[in-house]
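So in numbering that gives the first Met the number 0 the end of the sequence shown lands on 408, straight run, no missing numbers.
Hints were generated in silico from the structure; no laboratory data involved. In this text, all values refer to a predicted model and were calculated from it rather than measured experimentally. All residues carry an ideal CB built from backbone N, CA and C; glycine is no exception. Please note: incorrect hints may appear among the correct ones.
Claimed, not checked - Pairwise CB distance ranges, derived in the manner of DEER restraints:
no.: 1; residue 1: Asp285; residue 2: Val179; range: 55 to 63 Å
no.: 2; residue 1: Leu121; residue 2: Phe156; range: 17 to 25 Å
no.: 3; residue 1: Phe156; residue 2: Ser275; range: 30 to 38 Å
no.: 4; residue 1: Gly337; residue 2: Glu123; range: 58 to 66 Å
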Amino acid sequence: MHTDDTETADTEREPAVSSDSGSLLPPLLTERISPARSTAVAARAGIALGAGITILFVTGILSHLIQHPPDWFWWPAHPVWLYRVTQGTHVTVGVMMIPLLLVKLWAVYPRFFRKPSLRRALPEALERASVAVLIGAVLFQIVTGLFNTAQFYPWKFFFTTTHHAMAYVAFGAVLVHLAVKLPVVRQALSRPATANSAEPVADAEAPDAPRAGVSRRTVLTAAGVGSLAVGLAVIGQSVPLLHRVSLLAPRSGEGPQGVPINRTAAAAAVTDTARSPQYTLTVKVDGRERAFSRADLAALPQYDSVLPIACVEGWSATGHWSGVRLRDLLAAVGEYRGGDVRFVSLETTGIYGSSVLPRTHVLDASTLVALRLGGQDLTLDHGYPCRLIAPNRPGVLQTKWLRSIEELS
0 MHTDDTETAD TEREPAVSSD SGSLLPPLLT ERISPARSTA VAARAGIALG AGITILFVTG
60 ILSHLIQHPP DWFWWPAHPV WLYRVTQGTH VTVGVMMIPL LLVKLWAVYP RFFRKPSLRR
120 ALPEALERAS VAVLIGAVLF QIVTGLFNTA QFYPWKFFFT TTHHAMAYVA FGAVLVHLAV
180 KLPVVRQALS RPATANSAEP VADAEAPDAP RAGVSRRTVL TAAGVGSLAV GLAVIGQSVP
240 LLHRVSLLAP RSGEGPQGVP INRTAAAAAV TDTARSPQYT LTVKVDGRER AFSRADLAAL
300 PQYDSVLPIA CVEGWSATGH WSGVRLRDLL AAVGEYRGGD VRFVSLETTG IYGSSVLPRT
360 HVLDASTLVA LRLGGQDLTL DHGYPCRLIA PNRPGVLQTK WLRSIEELS
């Protein structure tokens, strides 16, 4: 295996560091330390991690604002694929951070075992505490995020709010760490990664330890290739053309009527009510109210919309939907005054049993109360007897098994 000659010469003849040399490094680590455990590698992996975490923070906050919009927030109905891109990017970049994080931790691992200096006890304690917060927060975000993509929740806290709160902790810890380490990072980046003068982290912690192993360039290349590989292995759940190569994607694009589902009718406990012959959809507009059976909805003018379902887990799939334009349905009851519209599901047990659609989406011609998907009646799991489908919205807000629609004042 190739190594840098300037970094690894005569490593076989150098003595190992004894256990009483002032280092807390494990004996196996002090016997032979790779030159890749260096500031050069740590800085470059850290910059890539910082960029990725920034992307995750921005796209994550955006997703939260869409689902829980404050009064000042506005989200467009077009382009219809925008949320598909932002959330797909969020999940894909999150997975790509895993190899970079492992390389970063591996490069700085010897620092964790340095004996604290009495002269700099307080600054070192603060620095180590900030690093512990940074590592803990980033690991928490990545691990819980991965579990969420697989819809596996082995914890009691609510993922969405906790993940959102920890995003601020992780991003804040990155900013603090960057501020503290900026001079070191600038110095490391000013020299080639293979330069021996970049002051290896391992040398700083155990200066007498011999160095051997893979080169810095090899480690950085492996980190980059690994990130691209795992990204490719999951991005297909957001990019249909790459479905076949995304071996690790939890959602492959398969599902009833060609669109995956997250929550079944059985899980939502709506099987009987959705199939009931007495089913009606209640619509309230401008103080007026009208009940529509499914036959009534099917008798209204029908329109088609080609819109993606894009979920917070990162997967998305395009569907060919048919049904009644929302604005036409509202007009059939009363005069729409331009307010937000609330959709309520037959589901009463879930946290997403209702959603609120802003005016921009209400008036859009592609927003439907959908009755069919792919030319066939909706399956029960896709929201039969009818569901909301609107452009550029998270899947959790595309309310299924509609019970009522009401304009809010």
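Which numbered hints turn out to be false for this structure? As far as the earlier hints go, only 2 is violated by this structure.
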